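S.K.: Given next are the chains, with one letter for each unit.
There are 2 protein chains.
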Amino acid sequence: MQAAIAEAKQGLQEGGIPIGSVLVQQGKIIGRGHNQRVQQGNPILHAEIDCLSNAGRIGSYADTVLYSTLMPCYLCAGAVVQFGIKKVIAGESQTFAGARAFMESHGVEVIDLNLEVCQQMMADFITQHPRLWFEDIGKL
Amino acid sequence: MQAAIAEAKQGLQEGGIPIGSVLVQQGKIIGRGHNQRVQQGNPILHAEIDCLSNAGRIGSYADTVLYSTLMPCYLCAGAVVQFGIKKVIAGESQTFAGARAFMESHGVEVIDLNLEVCQQMMADFITQHPRLWFEDIGKL
Chain A
1 MQAAIAEAKQ
11 GLQEGGIPIG
21 SVLVQQGKII
31 GRGHNQRVQQ
41 GNPILHAEID
51 CLSNAGRIGS
61 YADTVLYSTL
71 MPCYLCAGAV
81 VQFGIKKVIA
91 GESQTFAGAR
101 AFMESHGVEV
111 IDLNLEVCQQ
121 MMADFITQHP
131 RLWFEDIGKL
Chain B
1 MQAAIAEAKQ
11 GLQEGGIPIG
21 SVLVQQGKII
31 GRGHNQRVQQ
41 GNPILHAEID
51 CLSNAGRIGS
61 YADTVLYSTL
71 MPCYLCAGAV
81 VQFGIKKVIA
91 GESQTFAGAR
101 AFMESHGVEV
111 IDLNLEVCQQ
121 MMADFITQHP
131 RLWFEDIGKL
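Those protein sequences? They're chains A and B, same order as listed. All the letters of the first sequence, read from the start, carry residue numbers 1 to 140 under the UniProt record's numbering. All the letters of the second sequence, read from the start, carry residue numbers 1 to 140 under the UniProt record's numbering.
Treat each hint with caution, since some may be false.
Which copy is meant is left open, so a pair is good if it fits within one copy or across any two.
Simulated crosslink set (DSBU-like; lysine-lysine; CA at most 30 Å straight-line) [stated by the list, open to error]: (1) Lys86 - Lys139; (2) Lys139 - Lys87; (3) Lys9 - Lys139; (4) Lys28 - Lys139; (5) Lys28 - Lys9; (6) Lys87 - Lys9.
Hints were generated in silico from the structure; no laboratory data involved. From a predicted model like this one, the values you see are computed outputs, not experimental measurements.
Take these sequences, add in the hints, and give me the full structure.
M.R.: Below you can see the structure in the form of structure tokens.
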């Protein structure tokens with residue numbers, strides 16, 4: 001999760017939405033990413049999608065774990081379910097409840113670490129840039 | 001749908017998986033895309049995701065319709081639900097049932113045109129490249 005938080009902080013430094021993600025396989029990080037809506041002007045590059053994009057074509061996802069600083073939304077949860085990722089670890093879900101029940105209904109193990117550092121990053125960002133946040137979750 | 005089929009055919013000519021998609025707003029195509037797994041080595045660029053990526057940051061999706069030559073999978077259906085796209089028109093769902101029920105459960109109108117041309121493209125491709133297809137839907 002520390003690597004995902006570092007990704008989120010990098011995104012914030014770039015002027016982006018501070019959400020980070022890493023993909024782990026057999027204890028090793030094989031992909032890293034952060035939200036790129038602002039930086040690349042790309043609405044589909046949520047942190048988890050950027051991470052999965054950067055990991056490349058790995059074949060089976062059966063032995064991978066996806067970390068994200070925020071509970072995945074339906075887009076990212078859809079990727080988890082379709083690709084067959086079995087475990088998701090989220091930094092927090094207070095800012096955004098996300099699609100936890102949807103993932104669990106498809107047999108994905110979801111752990112919420114409820115981390116203050118992740119909550120605070122998002123709370124600060126949303127206070128300063130509410131419109132960007134609502135754009136990112138499709139609520140404009 | 002003809003524009004989405006043209007995208008699928010372009011993907012096939014590039015050596016890729018023949019699935020195409022367009023996003024329509026007020027009768028005008030504002031985004032086009034096709035599956036880029038092979039061409040860009042990118043697992044998240046399903047046709048619909050490539051299309052939404054190419055459409056860019058459009059703000060609200062409330063008045064958009066997403067066309068795809070194949071019924072959207074959970075990844076792409078997750079994007080539809082999260083972004084608030086209200087209508088999806090699929091070329092076919094015989095090759096792949098996709099996540100129709102999931103979209104409908106979130107209030108999305110889903111129409112299946114059941115087109116022979118779309119079915120045949122996928123049937124021919126899967127016969128020739130079964131492994132690529134199963135990789136694309138996370139079933140390796």
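S.K.: Would you mind marking each hint as holding or not holding in the structure?
M.R.: For each hint, the structure was consulted:
Taking identical chains as interchangeable, the C-alpha atoms of Lys86 and Lys139 lie at most 30 Å apart whether they share a chain (28 Å) or sit on different chains (13 Å). In this homomeric assembly, Lys139 and Lys87 come within 30 Å of each other (Cα to Cα) both inside a single copy, at 27 Å, and across copies, at 17 Å. Proximity of Lys9 to Lys139 under the C-alpha cut-off of 30 Å is restricted to the intra-copy arrangement: shortest distance 24 Å within a copy versus 34 Å between copies. Taking CA atoms no more than 30 Å apart as the test, Lys28 paired with Lys139 passes between copies only; the shortest distance there is 22 Å, against 35 Å inside one copy.
Taking identical chains as interchangeable, the C-alpha atoms of Lys28 and Lys9 lie at most 30 Å apart only when both belong to the same chain, with a minimum of 21 Å there against 38 Å between chains. Within a single copy, Lys87 and Lys9 get their C-alpha atoms as close as 23 Å, which meets the 30 Å cut-off; across copies the closest is 36 Å, which misses it.
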